[in-house]
Every structure is written in C-alpha cells, then in structure tokens.
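Engineer: Chains S and R, in that order, are what the protein sequence lines are.
Using our numbering, the first residue of the first sequence is number 1, and each one after it goes up by one.
Using our numbering, the first residue of the second sequence is number 1, and each one after it goes up by one.
Honestly, I wouldn't trust all of these hints.
Selected chain S positions facing chain R (Cβ under 8 Å, derived; list incomplete) [claimed, not checked]:
1) Met120
2) Arg126
3) Gly156
4) Ala300
5) Leu304
6) Val306
Hints were generated in silico from the structure; no laboratory data involved.
In this text, a Cβ means the ideal position worked out from N, Cα and C, and glycines have one as well.
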Amino acid sequence: MAGALPTNTGPVTTELELPGAKKGFRNWLDRDAWRDISIFTPYFWLILFFVCPFIIVIAMSFARSIIAQPPFEFGKDWPYVFSDNYARLFSDSVYLRGYLTSLYNALIATGLCLVLGYPMALGIARARGAMRSILLLLVILPFWTSFLLRVYAWIGLMGSNSWFNKLLTPVVNLFLPESMEFSSIPMMNSNFAVILVVVYSYLPFMILPLFANLEKLDFTLNEAAMDLGSKPFQVFRDITLPLSMPGIIAGALLVFIPATGELVIPSLVGNSADPMIGRVINDEFSLNRDWPMASTIAVALLLLLVVPIMIYNRMQSKSGEGVT
Amino acid sequence: MPKRSTFLITCLAFGFAFFYIPILSMIFFSFNKSRLATVWGGFSVEWYYKLFKNAQVLNAATLSLEIAVLSATLATILGTMAGMALARFTTFRGRTFFAGLVSAPLIMPEVITGVSMLLLFVFLGRYIGWPSERGFTTITLAHTTFSLSYVAIIIQSRLQSMDVSLEEAAMDLGSKPWQVLFDVTLPIIAPAMVSGWLLAFTISLDDVVITNFTTGPGATTLPILIWGKVKMGVTPDINALATIIISVVSVGVGLAGYLMYQGEKRRERDVQMALAANK
C-alpha cells in the first residue's frame, strides 16, 4: 500500500473539460489557481532575492572601486567594464594563497570527517531499535545547537590556560626533543585549529547522508560473503565500501563545499596571516570597502565550486530527497 | 543479525566524546566563580544572574526571536509552495531552473549569499528608495530566502512518499483542487511543515554571516552580539548564555525526537493492524 508509484500526472493537472465549464476568474480559481500560485510565488521570490543579487555581484565584479558613497563606479565608455579586478586576482598573491589555503583546509577536513564519520555511521546503521534512534539523535543534537557556540566552545578548550591544553601538552612533549618542548600548545590562531573546528562542526553533515545510505544496504550480502570465506575486512572492502559510494560522495560534498567558503571559523580561530578565502572576501568588503574586488573573489570562488555543486545537485535530483 | 563490533563501538564512543566534551566543558565553566573563563575558581551562578539583568542581551534575544518567528513562517509558506511545485507539478516551463534555484541556497557559501544580499539591498535602496536602511526587514527577507529551501526539500520528500491516490480519490469525488489542498494534502503534510518551520526557526536564530551583511545600525541579533564578544575572547557570561541556548534547544530537539519516535511507532502498529485485518 505504501508503494510509491512514480507519477507524472499530478491530480491537479487533470485536463477534463466539463460541459458548461465556467470561464474566467472562477474557472481559473477552481482549476489552476493553486498550481499557478504555488509555482509563481516562490519562483518570483527566488528570482528577486537570489538571482538578482547574484547578477548584481557579477556586475559589481566588473566595476571599479572608488572613494565615495557607494564605493564603486561602472565604466562610462564602451565596453563599460573594468577587468582590473580579475587581473589582480592572479597578480596579487594574497588571493591565490587564500584559495589554496581554503582548498587545502577543506580537503583535509573532508578526509578527516570521512575517516571519523564512516565508522560512526556504520555503527549507528548496525544498531537496532531505540538504540539507533538515540544514537542518531545524539548526532543531530549538536547540528541543531548554535554553530557559533560550538566554535566558541573550542576557543575555550584550545586556549593556553585550558584543562584540555594542559592535558595534551605533556602528551605532545613526549614526541618532541627537550629543546622544543612546549609550556602550552599554541593551538589557537592556526590552520590546525581551523581544520579541527571545521571537522567538529561539519561531522554531522558527513554522518547523516552516510547513515541514510548504509541503513539501506542489504546485510545478507555481507553474510553471504562471510559464508564464502571472506574475512570481515574483505567483506567491508568488497561489499560495504563500494555500495556506500553514493553516501560517501554526498557526505564529502556536503562538508567540502561549505568548508571551502567558511568565514566564521577562520575569523575566530584561524591564522590572520594566512586567511581562508571567505575571510579574504569579508575583509575586502568590510575593512577595505573594496566592493568590486570582494565581488570578483566571490565570483571566482563560485566558479571553483561549480563542479562539486553541479555533482551534488545532480545527486540530489536523482535521489529526490534531502538528508535533513 | 550483524555482530557487535568492538571497533565500531570504540569509534562511536570516541566520536561522541569529540562531539560533547567541548560543550560539556563550556557548560561546566559557566558556573565558574572566577573571571578567567577557563580556570576554575569555585561554583557560582552570578553570570546567569548578570545575564538576566543585561538589557543589551535581552534586547538582542528578543530581536532574534522576532526575526526567527517571522522568517520561519514566511519560509514555511513559500517553501511549502515550492516543495509542492517540485513534487506535484512536473511539467511547467522552467522547472529544471526552478529546481536548481530551490536547492542552490542550501550549498551556496554563506559569504557569497551575504555579500550578494547586501548589494541587492544597497541597489534597491538607491534606485527605488526602499529599504531606506538595513535592519529588521532586510534580515528577515534574507533569512526567509535561504531557509525556504530547507522547508521545500522537507515538503518535497514528504509529498513524494505520500500516497497520491488519496488526492486522486478526492478529485474523483468532485473536490476542486483547492479543496483537495485544504482537506487532504495540507493535513497530511502538516507534520512536515512543522518540522520545516522548526528547522527554519533554528537556522534563523543561529545565523551570523548573512545577518552580519544584511544588518544595519541598531539591529543587533543575539548571534551578532555573541560574535562581537567572542572575537574579544572567552568570557564567563557567554558561557552562561551558551548554556541557556543549548539547554533550550536540546530539550526542544529531544522532545520533538521523542514525539516523532512515538508517532512512527504508532504508524507502524496501525499499518501492521491494517495488514492483519486484510488477511
């Protein structure tokens, strides 16, 4: 009964002409009103508040920064655009380094999330009944609590006076020659801190799609492989891992894409000498008031992310449902 | 049945320790007497007491709640429409573009959304004269825009798993489309709308990046206030504030989870009874 039939004929689109059908507004109200309204309203909203702003950003990236209010001007003669900003993107090493730092941090964080999240997702998928719901709730709970406060919690832990740092210092010192020993580990304001907090904040985004995928796997396949003499690791490598590939890709993209453009984490715990690109955009915009340059960096960032975003969108429309 | 794996249990234990130790540590230090936020100086609730007398914090919290309620409501209305359009109407012009538009705000880096929203409001203010200044209205509009996507996806997946024959039956019995909508579809998807609203509410309450770009003088939401203070370092009053926020959210999420779990159990039982009756 719960057989989800693939249907292309929504009930509201029935093309049935009744004899003596009412014309005009009443007719529209009785037949197509809801369809038209429910398509048009969000469409209009998204074009106004999502497409238009984006077109403005693109246009702004071809403007020139001036000291005035508002701080930009467009070209006055044909072709009305300045391409200086795009040239600066490649000539000024700040920007290229920003992109590289972002990609590097996001890649490492995605890898760590996968290594940490996969066994957790598998463990939850293998749990039964109430236990599974509780474990799942424990993953979702930090995801619902304030992002900013979770970053803040780590600032408290990483500071040089914290119990965490004091606990970790002797452990780290074990591996260091005596001359290099720390009195406290300089964790704050480093790339290490950024990666750690990114992993911490985005781990649920990795676990949830992985869980959704692993939950559906047929365990009898594993049993069959074991009956045929595979060792647990071989079963994992030959069966579970390949079958969970869609979950891995979805989770990796959900971590990688937002992590690349992250602003809050590098601003609060990052190294200001080597900022991630999100922070560079913010600084250009708010501190330097160079709106055109900030727009240019944003456009280039989006170009960089367009491939992963397309892959993600395609997967979403294929599976037809979100993870939340 | 799968065997319990010691390895997986260890990983889960480690993972949950990683998730919860920072939060628990923060809660612990909110009861610290000392001004130094990370050195224990005895038990005290004075930071909570001070928090409730801090007008700045209370005003920011009120503003955040107002924005969250309004934007979540708008997002639920728009998101429900969008979700229905995607799940039920498969043949309108520009549908692919529409589907992309609905999911794009979900993965757009927040800095870009923030910058582009701000530029839109600057341009609108300059050429139309509205909004004359940024604040409550602009924040609400921005929050509505990115949270409607979350609602749309929840509604869409609920509608796709829903039995279409119920709607068709109502049509066959002579209901007009809008009657089907109000009598059949909306009551069925109401729980999904509630979870969509809750998600939109939480996201709005939590947002700092997009708010930071779309806010103006005088409109300080709670995350913006915290953001400003956190940049200065860890203070015990933020620990106290964080503890309150996290407790409220945890109780809410726990309760919602429990209700959903109960509902799921009841539904499973009903399905089983219906199947047994058919035999």
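Engineer: Against this structure, judge whether each hint is valid.
Structural biologist: Against the structure, the hints:
1. Met120: holds (4 Å)
2. Arg126: Holds. Min distance 5 Å.
3. Gly156: holds (5 Å)
4. Ala300: Status violated, d = 11 Å.
5. Leu304: violated (10 Å)
6. Val306: Since the shortest Cβ distance to chain R is 11 Å, the answer is violated.
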